[in-house]
Amino acid sequence: MFEAVLLTVITAATPLLIAAIGELVVERSGVLNLGVEGMMIMGAVIGFAIANQTGSGTLGVVAAIVAGMAMSALFGFLVLVLVTNQVATGLALTILGIGLSGMIGEAYIGVPGLDLPQLYIPGLSEIPFIGPVFFQQDAIVYMSFALVAIVAYGLFRTRVGLVLRAVGDNHGSAHALGYSVIKIRFAAVLFGGACAGLAGAYMSLAYTPQWVENMTAGRGWIALALVVFSSWLPLRVVVGAYLFGAVSVLNLHAQAVELDIPSQLLSSLPYLATILVLVLISANRRLTLVNTPACLGKPFVPDR
Amino acid sequence: MRLELVKRKEHSQMMALLSPLIAVGLTALAAAIIFSITSHNPLIGLYKFFIEPLTQQWSLEATIDKATPLILIGCGLAVCYLSNNWNIGAEGQFVIGALFGSILPVLFPEFENGATLPLMLIFGAVGGALWALIPALLKTRFNTNEILTSLMLVYVAGLMLDYLVRGPWRDPGGYNFPESRIFSDAATLPEVFGGTMSMSAPITVIVAIVLAVVLAKTLKGFEIRVMGESPRAGSFAGFSAKGLTLFSFALAGAFAGLAGTMEVSGSLNQLLPSISPGYGFTAIIVAFLGRLNPIGIIIAGFVLALSYIGGEGVQSAMGVSNEIASVIQGLLLFFVLACDTLILYRIRMVSRRVPAGEASHV
Chain A
2 MFEAVLLTVI
12 TAATPLLIAA
22 IGELVVERSG
32 VLNLGVEGMM
42 IMGAVIGFAI
52 ANQTGSGTLG
62 VVAAIVAGMA
72 MSALFGFLVL
82 VLVTNQVATG
92 LALTILGIGL
102 SGMIGEAYIG
112 VPGLDLPQLY
122 IPGLSEIPFI
132 GPVFFQQDAI
142 VYMSFALVAI
152 VAYGLFRTRV
162 GLVLRAVGDN
172 HGSAHALGYS
182 VIKIRFAAVL
192 FGGACAGLAG
202 AYMSLAYTPQ
212 WVENMTAGRG
222 WIALALVVFS
232 SWLPLRVVVG
242 AYLFGAVSVL
252 NLHAQAVELD
262 IPSQLLSSLP
272 YLATILVLVL
282 ISANRRLTLV
292 NTPACLGKPF
302 VPDR
Chain B
455 MRLELVKRKE
465 HSQMMALLSP
475 LIAVGLTALA
485 AAIIFSITSH
495 NPLIGLYKFF
505 IEPLTQQWSL
515 EATIDKATPL
525 ILIGCGLAVC
535 YLSNNWNIGA
545 EGQFVIGALF
555 GSILPVLFPE
565 FENGATLPLM
575 LIFGAVGGAL
585 WALIPALLKT
595 RFNTNEILTS
605 LMLVYVAGLM
615 LDYLVRGPWR
625 DPGGYNFPES
635 RIFSDAATLP
645 EVFGGTMSMS
655 APITVIVAIV
665 LAVVLAKTLK
675 GFEIRVMGES
685 PRAGSFAGFS
695 AKGLTLFSFA
705 LAGAFAGLAG
715 TMEVSGSLNQ
725 LLPSISPGYG
735 FTAIIVAFLG
745 RLNPIGIIIA
755 GFVLALSYIG
765 GEGVQSAMGV
775 SNEIASVIQG
785 LLLFFVLACD
795 TLILYRIRMV
805 SRRVPAGEAS
815 HV
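These protein sequences, in sequence, are chains A and B.
Using the numbering used here, read the first sequence as starting at 2 and increasing by one per residue.
Using the numbering used here, read the second sequence as starting at 455 and increasing by one per residue.
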């Protein structure tokens with residue numbers, strides 16, 4: 002029973018984890034991309050459509066990543082080259098993504114989807130309890146583990162990570178040192194887009210293998226909140242994502258034990274929990290100030 | 455070749471007027487491309503989408519009907535955005551306003567007199583303002599990011615409405631349909647100009663004009679603009695950033711709540727599980743397209759309302775998905791933001807071979 006609950010927690014947490022890890026890198030470079038929801042839903046619909054057309058889940062996942070990157074490139078061009086307001090541009094990306102996905106997905110409503118196969122990791126998957134929960138999953142779940150490790154190591158233990166953080170903390174100095182602030186930020190934005198697209202593919206190819214309009218249901222926004230919750234530290238994103246995964250499956254399991262609580266109240270728990278968590282984190286000024294990228298959301302026009 | 459931005463010495467007045475027009479033009483071009491890609495005639499598509507709604511009385515009235523909530527919500531959001539408060543939860547404030555405004559007609563249907571409507575409108579505005587004050591208070595008290603909290607409350611508000619119309623507020627004589635009882639005549643906004651339009655349109659225009667005067671001519675208006683452009687300068691003038699956050703959120707919430715109440719009282723006549731086709735989000739685009747100016751917002755509200763009616767038009771006439779309306783709305787916001795760059799910067803194509811240092815002296 003506990004094992005089964007934990008399995009649902011992981012499936013609910015994975016899209017949040019992937020999208021949040023991507024956005025963390027974006028924000029570490031000093032850019033605030035509020036369009037996660039829009040990129041994610043585009044990943045979901047394109048992933049579903051391509052998997053459906055070709056019969057290949059792998060191609061679907063790749064297409065979803067490309068779709069997320071294409072969306073983020075649009076955002077990057079506006080925000081980095083034309084120096085538009087980041088908050089408003091991110092919102093525009095979300096509005097566009099939801100509309101575009103609805104238009105593309107209309108042909109796929111009610112079409113049975115393709116479920117990504119479970120891959121058993123030899124050896125590890127036979128460990129009692131841990132094996133079935135963590136190592137009998139589909140490829141995207143493993144990719145989420147790898148992403149966390151790569152980002153956690155890359156940000157704090159490599160030169161690339163150092164430069165990225167420098168650009169996010171003080172773009173003036175990074176520019177003076179000869180780093181191309183805009184190129185580095187663009188790369189980070191594209192990485193964030195790829196992650197959001199992958200998270201979307203997980204929604205439509207693994208979490209619920211079908212296309213439903215608006216199926217991400219605010220998960221992109223929760224991912225943004227997770228980045229704040231993590232105070233921009235990758236390992237804390239993992240904790241946050243799994244906590245939120247747990248909150249969002251409460252609905253499912255409460256129905257099973259027939260609690261007399263309105264289902265709408267249970268459905269609103271993840272959103273209320275997000276608010277609560279944001280309040281708790283931001284009330285602690287020291288914690289947030291230490292790790293917040295100092296140039297987050299600030300425009301940069303190179304002074305030539 | 456690459457693009458380079460050259461800062462203008464001062465804001466370009468001409469571009470400030472032109473940029474929304476350029477943006478609408480580019481959006482129409484993009485729409486034509488989308489029609490072509492989906493193998494429809496782009497000219498017929500553009501005509502059906504942007505022009506035809508203006509040619510018949512019923513569709514013109516329907517456009518005004520849709521423009522009204524967009525304008526009212528957009529006006530409130532403009533005050534938030536001018537003062538650098540990122541309220542993106544107007545959709546939720548609209549819903550909660552509608553719920554508060556429906557307390558009298560749903561729970562006290564026998565309360566029918568001249569005070570019913572004014573009280574409903576006041577309740578609606580208060581409800582929206584209270585809902586908007588949640589993210590504002592969390593921001594001023596705990597320094598919580600208002601973008602995320604105001605958005606999360608949209609989902610919560612939607613679920614609350616869903617719960618009420620399926621549960622305690624369901625019409626007892628309604629065969630179990632998820633809807634409230636139909637409002638009595640005393641709780642229905644009267645129609646004006648002999649048509650099907652409710653009084654919400656004239657009320658909205660009056661609110662927008664009053665706001666335009668307040669923003670342009672009063673100290674409060676000055677405070678809003680100063681605090682948005684330079685909070686430090688504003689604080690020297692004795693303006694309080696926290697006070698303004700609470701004020702702008704409460705005002706935007708009240709406007710959205712009023713719009714919500716007028717929508718259920720004037721158009722829907724009852725509560726349903728869903729009462730808005732995304733007015734609260736579309737109003738964000740309206741606010742920006744209108745350059746955060748109430749008079750501009752009235753015009754922008756019409757343009758965006760056209761997209762709803764035009765979307766239905768191309769769907770029924772050409773079989774294009776009516777989702778094209780939200781695609782066009784999203785593109786429009788992108789173009790508006792991109793064109794606004796022209797107000798502050800000149801854009802120049804620079805050849806790669808020119809050394810960067812020399813280019814800036816040209």
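Keep in mind the hints are simulated off the structure, nothing from the lab.
Every value quoted in this text rests on a predicted model; they were computed, and no experiment measured them.
Beta carbons are placed, not taken as given, at the ideal position from N, Cα and C, and that holds for glycine.
Just to be clear, a hint being listed does not mean it is correct.
Simulated pairs of lysine to any residue, SDA-like, Cα-Cα distance not exceeding 25 Å [as the list claims (entries may be wrong)]: (1) B:K461 <-> B:K696; (2) B:K461 <-> A:G179; (3) B:K461 <-> A:P300; (4) B:K461 <-> A:S181; (5) A:K299 <-> B:F577; (6) B:K696 <-> A:L290; (7) A:K184 <-> A:N285; (8) A:K299 <-> B:R800; (9) B:K461 <-> A:Y180; (10) A:K184 <-> B:E458; (11) B:K696 <-> A:G298; (12) B:K463 <-> B:V667; (13) A:K184 <-> B:I801; (14) A:K184 <-> A:K299; (15) B:K696 <-> A:N285.
So the derived list for chain B, only partly shown, Cβ under 7 Å to chain A, looks like this [claimed, not checked]: (16) Q510; (17) V610; (18) G697; (19) I797.
A few chain B residues facing chain A, derived, Cβ under 7 Å [what the hints assert, rightly or not]: (20) I505; (21) F577; (22) V781.
- request: Take a quick look at whether B:K461 and B:K696 sit within 25 Å of each other, Cα to Cα.
  value: violated, 32 Å
message: Given the hinted pair A:K184 and B:I801, is their Cα-Cα distance within 25 Å?
response: holds, 19 Å
Hinted contact B:Q510 with chain A - closest CB pair below 7 Å: The hint is violated - B:Q510 has no Cβ within 7 Å of chain A, the shortest such distance being about 26 Å.
message: Hinted pair, alpha-carbon criterion (25 Å max): B:K461, A:S181. Please report holds or violated.
response: holds, 20 Å
task: Return the status of the interface hint for B:F577: holds when the least beta-carbon distance to chain A is below 7 Å, violated otherwise.
output: violated, 22 Å
- prompt: Within 25 Å, alpha carbon to alpha carbon, are B:K461 and A:P300?
  reply: holds, 13 Å
task: Measure nothing beyond the straight line between the CA atoms of B:K461 and A:Y180; if it is 25 Å or shorter, mark the hint as holding.
output: Holds, because 22 Å separates the two Cα atoms, which is no more than 25 Å.
- prompt: Does B:E458 lie within 25 Å of A:K184 when you go C-alpha to C-alpha?
  reply: Holds. A:K184 to B:E458 sits at ~14 Å (cutoff 25 Å).
- prompt: Taking only the CA atoms, is the gap from B:K696 to A:L290 under or equal to 25 Å?
  reply: Satisfied, since the Cα-Cα distance of roughly 19 Å is no more than 25 Å.
- prompt: Are A:K184 and A:K299 close enough, with their CA atoms no more than 25 Å apart?
  reply: holds, 16 Å
message: Between the alpha carbons of B:K461 and A:G179, is the straight-line distance 25 Å or under?
response: holds, 22 Å
task: Please verify that hint: B:I505, Cβ, nearest Cβ of chain A, below 7 Å or not.
output: violated, 21 Å
In terms of the numbered hints stated before, the structure departs from hints 1, 5, 7, 12, 16, 18, 19, 20 and 21, listed from lowest to highest.
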